[in-house]
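Number of protein chains: 2
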Amino acid sequence: MKKYTILILTGIIVILAVGLAGVLLFLKNQPPQERGFQPLVEIAPLEPDSSKWGINFPNQYATFLKTKTNSADTAYGGSSGFSHLERDPRQVILFAGYPFSKDYNDDRGHMNALQDVNTTGRLVLDRESPKRTPGTCYSCKSSNNPALWAEMGMAEYDKTFFGDLGKRIDQPIGCANCHETGTMRLIVTNPALQEALEAQGKDWTTFTRQEMRTVVCANCHVEYYFKGDGKYLTFPWENGTRVEDMLAYYDELQFKDWEYPEAGIPMLKAQHPEYEFYTADSTHYKAGVSCADCHMPYVRDGAAKFSSHDVHSPLLRPEQACGQCHSDVTYVIGRVKVIQDEVYATKIKTEDALVDAITAIKGAVANPNANPDLLTQAQAKYRHAQFMWDIVSAENSMGFHNPEEALRILAEATNLARQAQMLAAQAAADPSLLAVGIYDQMDPKPVPAK
Amino acid sequence: MKKYTILILTGIIVILAVGLAGVLLFLKNQPPQERGFQPLVEIAPLEPDSSKWGINFPNQYATFLKTKTNSADTAYGGSSGFSHLERDPRQVILFAGYPFSKDYNDDRGHMNALQDVNTTGRLVLDRESPKRTPGTCYSCKSSNNPALWAEMGMAEYDKTFFGDLGKRIDQPIGCANCHETGTMRLIVTNPALQEALEAQGKDWTTFTRQEMRTVVCANCHVEYYFKGDGKYLTFPWENGTRVEDMLAYYDELQFKDWEYPEAGIPMLKAQHPEYEFYTADSTHYKAGVSCADCHMPYVRDGAAKFSSHDVHSPLLRPEQACGQCHSDVTYVIGRVKVIQDEVYATKIKTEDALVDAITAIKGAVANPNANPDLLTQAQAKYRHAQFMWDIVSAENSMGFHNPEEALRILAEATNLARQAQMLAAQAAADPSLLAVGIYDQMDPKPVPAK
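Protein chains in written order, with the numbering used here: chain G, 9 to 458; chain X, 9 to 458.
Excised from the complex, chain G in its bound form (with noise of 0.2 Å):
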């Protein structure tokens, strides 16, 4: 009998590995308020010091702080604040008339963004002008905002002048913009992206916690204007998020940015539309992946696994960023190269093309004569042409978040460049401004004013 003493026993121990490995495997998979995790500190609701909430979460905020100092490029982009106007000088000529010319500078990590905002040349070479800098300009910069916009309301928030505003601001993006504390659940905290969602009749609160890996990326990676006079932080989404939705929508409110000098254009800026873009059935979108999954892979530190929180270019870790799904990183870094060289040659040839198209058109405007149906017509044209330009430009992956969308439309800028030159030369009745390949025949090749 001792045999089947041996065997019974055997079986009840098997049967209970069994069932606390399970038990751990659940929890280890539920987030941490479910499994009834114990915070270290308790987190004051909307806090905005990240060092407060690092202390429950060390391996969240150690990675995050490494946005701080990482500056590795990649070919197209990266963390070290670049000039985009030396490494590209056509855009000095295609924003003309509009800080873009003079400072533009690629973004850095996003524990960067305050010190950014308060030192870029655009806001600085602004609040020199006698309009005055609106606060929305810190909408994206800063973790206090939750907690401002809840005190303040936005439409104060952003009548608030800059420099105003900024005496309350001293943190940079941080945990609160994107986690309720108590829960850490992935939360909307911009009050315009709250907003932009309503107005689609779409209800974050009922999304999965997978479409919020993305959708709180969207608290900022967005296109958006600043409405009215007291500067209303708006996303220009009513009508959907692709570039015709939001020209359509921009036209109608006959709203612009910046008037084009000596071509009489009402232009538009593109921000940093990476979530319209990459949601427009991208490859990656479609299949289910979320932003984070590619920027905040999950890692290890020991037995801990977790969401690393320095945010970043796959393609600078690329084992860590591609490899969760994919086997074959090489083959895939090897894609990104082929399909973002074919973008930004075909972006530099669209920028040829709007270059060649604004000249005519200046060249029409000095044209006493000119036809101003024709005009107008080619002006709309160039308005729309560098607007699409843009969106694939000031997108922040040079059109691998989704690489048909990007080349669909600088195909169609292009056209629309090409149109917009005709129409100028129409209206002046004069062939001599249909010269194509101006800028490379430009010497020297513009700088950036100062």
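One should not assume that every hint holds.
The list treats identical chains as interchangeable, and a pair is accepted whether it falls inside one copy or across any two copies.
[To be verified] Result set (DMTMM-like, lysine to aspartate or glutamate): computed pairs, CA atoms no more than 20 Å apart in a straight line:
1. K175 with D124
2. K357 with D253
3. K370 with E94
4. K210 with D451
5. K294 with D349
6. K370 with D381
7. K277 with D360
8. K76 with D289
These aren't lab readings, by the way, just hints derived from the structure by calculation.
Chain G is already provided as a structure; the job is to place chain X on it using the hints.
Quick look at chain X alone, frame taken from chain G:
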């Protein structure tokens, strides 16, 4: 001891069974000749009659026969043989002066190739003209070819008139176009492919079987032209197989397929450049996927596993085709739709630009005072623009074989077409030649000339 005897016997049986299974598995994965396959009948070298090969390979042959009757269509392609000109009358304009403006039907299945070449309106028209059609037109239409090339040599074959050569041709495309009798290995049979590979320093006999599962398709699915008076079948690959490489080759040679009437443009017609387009760094090609993997997927009939020879669009049986690698076939079909819809919409915009441009060039040619230098530049740009468009348009996948390449090429084709239009207007100093959207304003729309 009886117990041990049983155990030992059981062990021996298990070892034998595992060994036998291993041997069977090994043999199953060997090509026929290597596993000592004994054919039921001997097939003569270069045997044109596929039904004889079918005795030894009944599964492959039975599926091959289906290419005769399969007539299903997809959104943009398929096997029904529909008219491209009726679906998209812009092409009636783009191919004006060339037989493709009168008769341009989609390709049907392999077994219909001979019948279709013998009855196509293009050749009927051509044969009635004084310039008689060369035998070269049979090059991709019959399994009689390998034997005829061996007997006559390709130069003599191509020189023979179509009507005369046709008396010796009674088989459609078949086994002998891709396989060697006896070994059944995949081989290059078309001397033009052999020569084109040699010109690039490539030796196909060193290729892997997986590489050959793409290269044999290049026996036919390529861009080609008829060289010199002997109409010698030639692939324009000397500089490479990208569209720009082929254009440089044709320009150097000052080759033209026809001259566009009233526009004086030496035009090029793209054929069916699936091989060049797919191998231009497409994602599937770079991932090691062969043409046969998708178009001739492995299927089962009882215990037999074989490559289906019913070559058709993977979209008609996506579970069989895409499902070999992709577990999420519904997602994959959705991707194809997104990509093809975007490429189609962009392609139509390129066609609109081409129609505007050719109209302007005809206007400038009709103007006796037009500047000849500028006109020549306009004509050269147009030649390139239409060939680039045609590489995407004539290629049988509506861009899916290489989406980024399709959209990159179309963007540049539109750019060049618009530049051609501007140069024509400059040449004639006539801004009225800058009209845009001419096709949309046509009423009635063009119909295929009979």
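Here is how each hint holds up against the structure:
Only within a single protomer do K175 and D124 lie at most 20 Å apart by alpha-carbon distance; the minimum there is 16 Å, versus 79 Å between protomers. For the identical chains of this complex, K357 and D253 are inter-copy neighbours only, at 19 Å across copies versus 24 Å inside a copy, given an alpha-carbon limit of 20 Å. In this homomeric assembly, K370 and E94 never come within 20 Å of each other (Cα to Cα): the closest approach is 24 Å inside a single copy and 43 Å across copies. For a Cα distance limit of 20 Å, the shortest separation of K210 from D451 qualifies neither inside one copy, at 52 Å, nor across copies, at 44 Å.
Proximity of K294 and D349 under a CA criterion of 20 Å is satisfied inter-copy only: 16 Å between copies versus 23 Å inside one chain copy. In this homomeric assembly, K370 and D381 come within 20 Å of each other (Cα to Cα) only inside a single copy, at 15 Å, whereas the closest approach across copies is 27 Å. In this assembly of identical chains, K277 and D360 lie within 20 Å of each other by CA distance solely inside one copy; the values are 18 Å within and 29 Å between copies. In this homomeric assembly, K76 and D289 never come within 20 Å of each other (Cα to Cα): the closest approach is 33 Å inside a single copy and 37 Å across copies.
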